[in-house]
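Protein chains in written order, with this note's numbering: chain U, 1 to 338; chain G, 1001 to 1164; chain W, 2001 to 2446.
For the record, the hints were derived by calculation from the structure and aren't laboratory data.
Among the hints, a few may not be true.
Said to hold, decoys possible - Restricting the straight-line Cα-Cα distance to at most 20 angstroms, the calculated cross-link-like pairs of lysine to aspartate or glutamate (EDC-like) are:
# : chain 1 : residue 1 : chain 2 : residue 2
1 : U       : K53       : W       : D2223
2 : G       : K1022     : W       : E2133
3 : U       : K41       : G       : E1065
4 : U       : K95       : W       : E2267
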Amino acid sequence: MKVTIDNITIDVEPGTTIMNAARQIGPHIAPPAMCYYEPLKASGGKCRGCLVKVTAGSEKDPRPMPKLVPSCITQVQDGMIVENTINEQVLETRKGIVEFLLLNHPLDCPVCDQAGECHLQDFSFEHGVSKTRTVEERNTFEPVDLGPYIKLNMNRCILCYRCVFTADQITDGRVHGVMHRGDHAEISTYIEKAIDNDFSGNVIDVCPVGALTDKTYRFKSRVWFSKPEEASCSCGKCSGKVTLWYRGDEVIRVTARKNEWGEVKEFICNTCRFERKKTSDWTLEGPTKIARNSVISANKYGASTITPAFPLKQAAEQYKQIDDNRDRSFLAPKKQLN
Amino acid sequence: MTNTQTIQFPASTLEKVHEIIKRYPEGKQKSALLPILHLAQAEWKWCSPEVMDYVASLLSIKPIEVYEVASFYTMFHLEPVGNHVIEYCRTGPCCLMGGVEVYDHLKSKLGIETGETTADGKFTIKEVECLAACGWGPVFQIREKYYMNLTTQKVDEIIEELSK
Amino acid sequence: MKILTEHIDVQGIETIDVFRKNGGYAAVEKALKKMTPDEVTEEVKKSGLRGRGGAGFPMGMKWSFLAKPEGVPRYLVCNADESEPGTFKDHYLMMKSPHTLIEGMIVSSYALGANTSYIYIRGELMYVATILEKAIQEAKDKGLLGKNILGSGYDLELYVQLGGGAYICGEETALLESLEGKRGNPRNKPPFPAVKGLWQCPTVVNNVESIAATSWIVNNGGDEYAKIGIGRSTGTKLISVSGHVRKPGVYELPLGITVEDFIYADEWCGGIRDGHKLKAVVAGGSSVPILPAELILKTTNGENRLMSYESLSDGGFATGTMLGSGGFVVMDETTCIVHNTLTFGRFYHHESCGQCSPCREGTGWMDKVLHRIEHGKGRQEDIDLLVDVAKKIEGNTICPLGDAAAWPVAAAIRHFRDEFEWHINHPEKATAKGAVFMREGASWSL
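Looking at chain U on its own, in the form it has when it is part of the complex:
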């Protein structure tokens, strides 16, 4: 069936979502996905970052849809017309979504291991505004260990539920989940319990932010100082297809391979991820393909000679002078608000 997104018409299979149709057109048209994760069943619909405007429902019923729709879970109809990057309401709403997601986010990117490959950074860079309007105290949680390998920093979590789906769908015993509700909802094991099974480490890869990080890599480097290489091994438990992250000659991190949307198609086992950290454990297959505008490609692969026009233009638009003399005297005394 035919669908038109931002004036580009393509043919897609029936049952395709707007998100996946847009991805087929290309990354410049694809809506941002903070919670949707194609390999995980039931993911999506929660972050509202991918809301788009449907200006015509279908060929048969060309009426516009009254509300913005989540593109990740809305199937295309034949003749549907969608506006994403060209619709003012969509872009305005997205600014709001960024603001909501950052409302209780600590903005601790300088000490966050996810920085540089964080989807929330990308999302707020592309769609947010540089000035905050909130003066409220943020909700905070203490970082906790989920066993020897995984650190949970709930302050950074955007409650995408991906890690919960991962534990449900690719491991045999989920021991963590979402506790409580509203803006007090948190990822937790409730009673201190290690997440302990052979595939638990995959929750790190699916996390769009720095809420779940690899303790064996913690504070070792910044992602843009490391160089990814594809590698494989004959592993009895998983496909053994991984990405090795080198700093100099040292493997400082092992992750599953991610596609251009940051999704893992072949999940890897904890042995590959946490224990095989010598080059001799692996057969190297060559450098990982990295998007040119990614910070990871900076100073590597000759990328320094390439001018990333779009981000630079955005940066110029966004980094206006920040008013730093705001009056903060109205702030409530430090206590829990009801």
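We have chain U already, so just place chains G and W on it with the hints.
What follows is chains G and W alone, placed relative to chain U:
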């Protein structure tokens, strides 16, 4: 109470548990979770991790599925509580009927704040949202019983009665 | 004209014998013995009955969407999770006359071809659940539930399910999740429950009051029901009245009487409490826009406002409101609108499930800003900030809780902006016993 071995419903309650599970199609026994958590809380006053693990075992589900659910709903106490948990409604209509003064009186009468338990372990106060009794406000609830059209004087009487 | 509460004050109406003596269960006899399920549905369609939970969607139409694939069970679930602030009509009806609901459940289940039905009642109403369970047992003993009801060949099991304390479970897909023993996270739609509902089977979820009305419709015909009321607002509606009226409580009224009559006539609320005058009304539960006295009594065209879906929403959100669930909260001149808005904002913050970001973060944000304003820490820009946050939530969430949280804040500012400004400009007065709602002798005509 903290030992899993001692956590076991009495036979009559277990029978009730099995009757409840039969209300749902086969394999959908997880649907019995909320009703059984209510039974558990009636039995042990609060939902300790051990109690929740026991409930999980009764329904053949993972303990995390019980924690997630129990922490979502406000009626389940995840911390120990007093003998009488007074849950007062703090929403608009009850406030219109003078709820704030009545609740302030309740707190000063018991000498505790919301969320606290009296030293003798008799009373816990919790604030809750609308109890669907707005025309009969101010309202609080102690277990299944509603106390409506509250005044400071009525609060005194109720507390005295329950203190006996 | 009373349909649901005609016999509600009869001594012993909660027992099946007294209930039957007063005409109870005649609809079950008629429907199961003389009508086909489709004929029952047809009468409900003709009645024009609109969902009484708040959305006002035509019930017969909702029923007609129910998928009926071979070999797959269908379910009717009664939404008795009444939690909208200002609303307590279902509580009242079920507590006083449980058989009224059960009779409606049997008739409706029959129409939909459901052989197992559930009444999902909010957990706090445990004592009402006990009343319902006792009534169900009585009905069972008389052969009105169970196998082969009244020899008709129709089987129905009816169960009461307790919730656990969560407003969001009044949203039908959250309710179904909860009934499945999960967190009350609303589902993404489509698919709608009529296609994939309880345990992925076709399901209809209806409010207590809607289901209870089906018995009268079966007995008297949909056309008769449609004669009551006005225009597309057919039938009678239970209105829960709270706040500063002489006689708060639940009233059953034919849709179409004037709001003025309803507030001031002795037959209904009996006027505002002594020595005070009307300031504002929230007409349909906490989520609908608050209206100042002049706009609740008359539309901007100068017409009397009526207790009906259409008349209350006349003027859109600019000058109108909604009938919603019929939670009618009346405020006199001593009322601080900012505080009342804070309690509603706090409510939605407390009740957000936390699944989607605009509602999870936005409700908390509005609550915190309202709290600051009420406590004398407001800034001038906070008022427009609230309006903008409300706008960014509205329409962008998985379920209607986002809208329900946004509307009361936006409306309070729309009609009572001066009170918000007063709080910001008089921080010392706002903090002096700032959290106390009832300000002695306060008058807010600024």
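Here is what the structure says about each hint:
no. : hint              : result
1   : U/K53 - W/D2223   : violated (41 angstroms)
2   : G/K1022 - W/E2133 : holds (16 angstroms)
3   : U/K41 - G/E1065   : holds (18 angstroms)
4   : U/K95 - W/E2267   : violated (52 angstroms)
The structure shown violates the earlier hints numbered 1 and 4.
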